[in-house]
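Chemist: Below, each chain spelled out in residue letters.
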Amino acid sequence: MSVSIQAAEQPRALALPTASAADAALWLTATVLLAALAYYFLGYDQGAVSVFGSDTHVHEFVHDARHFLGFPCH
Amino acid sequence: MERRITGIGVLAGLVAGIVAFVYARIFIEPQVALAVDYEGVRSHAESLVTGEHEHGHEIFSRGVQENLGTGIGTLVFAVVMGALFAVAFIVVWAFLGRRSPSTDPRFVAVGLAACAFVAVSGVPFFVYPPNPPAVGEEATLGARSGSYLTLTLVSIGLMVAAAVLAFWLSERIGGLWAVVAGAIAYLFGVTVTATLLPDFAEIPGPVMDGDRIVGPGFPGQVVADFRIYAVADQVLLWTVLTVVFVALLHRVMRREARQRGPSLVEAGI
Ligand SMILES: [Zn+2]
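Chains A and B are the protein sequences, given in the same order.
Take 13 as the starting number for the first sequence in the working numbering and just add one per residue.
Take 13 as the starting number for the second sequence in the working numbering and just add one per residue.
Simulated from the structure, these hints should not be mistaken for lab results.
Mixed in with the good hints there might be a few duds.
Claimed, not checked - A few chain A residues that face chain B, going by a derived Cβ cut-off under 10 Å, partial list only:
id : residue
1  : 69
2  : 78
3  : 79
Only a predicted model underlies this, so the values are computations on that prediction, with no experimental measurement involved.
Note that CB positions come from ideal geometry on N, CA and C, so glycine has one too.
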C-alpha cells in the first residue's frame with residue numbers, strides 16, 4: 013500500500029512535454045515531415061520515382077549507402 | 013522540452029551515423045567493390061554473347077561514392093532515425109509519464125529503441141535482405157521499392173498498434189502477458205503482410221551462350237557477407253543511437269532536477 017502511495021507522490025524524473033500546446037504539435041509535425049523528406053531522397057528518389065526527372069545525381073552519390081541500408085536498387 | 017529532446021535525437025543520430033559509417037567503410041565497401049568487379053566481368057561476358065558493347069557512365073567515381081557518398085548517406089539515414097526516434101519518444105513519454113510518473117524515462121527510451129529496431133530494420137531486412145550492387149533487376153526496381161516501403165510502413169504501424177494493445181491489456185492480464193500478446197499480434201501481422209507481398213529472387217546466374225557457360229554467376233559468398241555486415245551495421249547504428257540518447261537524456265534529467273530547486277535536496281529527497 014505504502015509503495016503505491018510513494019510511487020504516486022514521487023516527482024517526475026523528466027518534465028512532460030506540453031503536448032496540448034499547438035506549438036509542440038507543430039514542432040513535432042515539422043520534424044517528422046523534414047525527416048520523411050530526407051528519407052525519401054536517400055532511399056527512393058531517382059530509383060523507382062524521381063522529382064527531378066532523369067537526373068540521377070542523388071542516387072549515384074549515396075548509391076552504396078542505399079544498398080547496405082536495405083533500400084532496393086539495381 | 014520537445015525541442016531539447018529532438019536535439020538529443022539528432023545528436024545521437026549523428027554520433028551513431030559516424031560510427032556506422034566507419035564500420036561500413038571497413039566491412040561493407042570491400043563487398044561492394046567485389047560486386048562492382050563482378051558487374052564488369054558479367055557485362056564483358058554478355059558482350060561476348062551479344063556482340064554489343066555497353067559501357068555505363070558513372071557520374072561519381074568509385075572513390076567519391078565509397079567515401080563521401082557512403083558517409084553522407086549513412087549520416088542522413090542515422091539523423092533521420094534519430095529525429096523520428098525523438099518524436100516517438102516524446103509522444104510515448106507524454107502518455108506514459110502522465111500515467112505513471114515514477115517510470116524511468118531512460119527505460120522507456122531503451123524499450124522504444126528495441127521496438128524501433130525490430131520494426132524499422134529487423135523485420136524489413138528479414139523479409140527483403142539487403143543486396144550488393146548488380147543483384148537486382150532493373151525491371152523490378154519499382155515493384156521492389158514499393159514492396160519494401162509498404163512492408164516498412166506496415167511494420168511500423170503494426171508495432172504502434174501492438175504497443176497500444178499491450179498498454180490496454182497490461183491492466184487486465186499483467187505487464188508480462190500483455191507484452192507477450194503484443195509481440196504475438198505484431199509477429200502475426202508482419203507475417204501475413206510478408207506473405208501477401210511479392211517475392212523477389214534475383215541473384216544473377218551464370219551467363220550462358222547456348223549450353224555453354226561463358227561467365228560466372230554472382231558470387232554467393234559476397235551476398236552472404238554483404239547481408240551479415242549490413243545487419244551488423246544496423247545493430248551498431250541503433251545501439252550507439254540508444255546509448256547516446258539515454259546518456260544525453262540523463263543529463264537533461266539532472267539539470268531539471270537541479271532547476272526544480274535546492275529545497276528538494278535540502279529536504280533530503
Ligand atoms: Zn545499385
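Chemist: Each hint: holds or not?
Modeler: Tested hints:
Among the interface hints, the one on residue 69 (chain A) holds; its C-beta lies about 6 Å from the nearest C-beta in chain B, closer than the 10 Å criterion. The beta carbon of residue 78 (chain A) comes within 6 Å of a beta carbon in chain B, closer than 10 Å, and the hint placing it at the interface holds. Taken as an interface hint, residue 79 (chain A) checks out: its beta carbon lies about 6 Å from the nearest beta carbon of chain B, inside 10 Å.
In terms of the numbered hints stated before, the structure departs from none.
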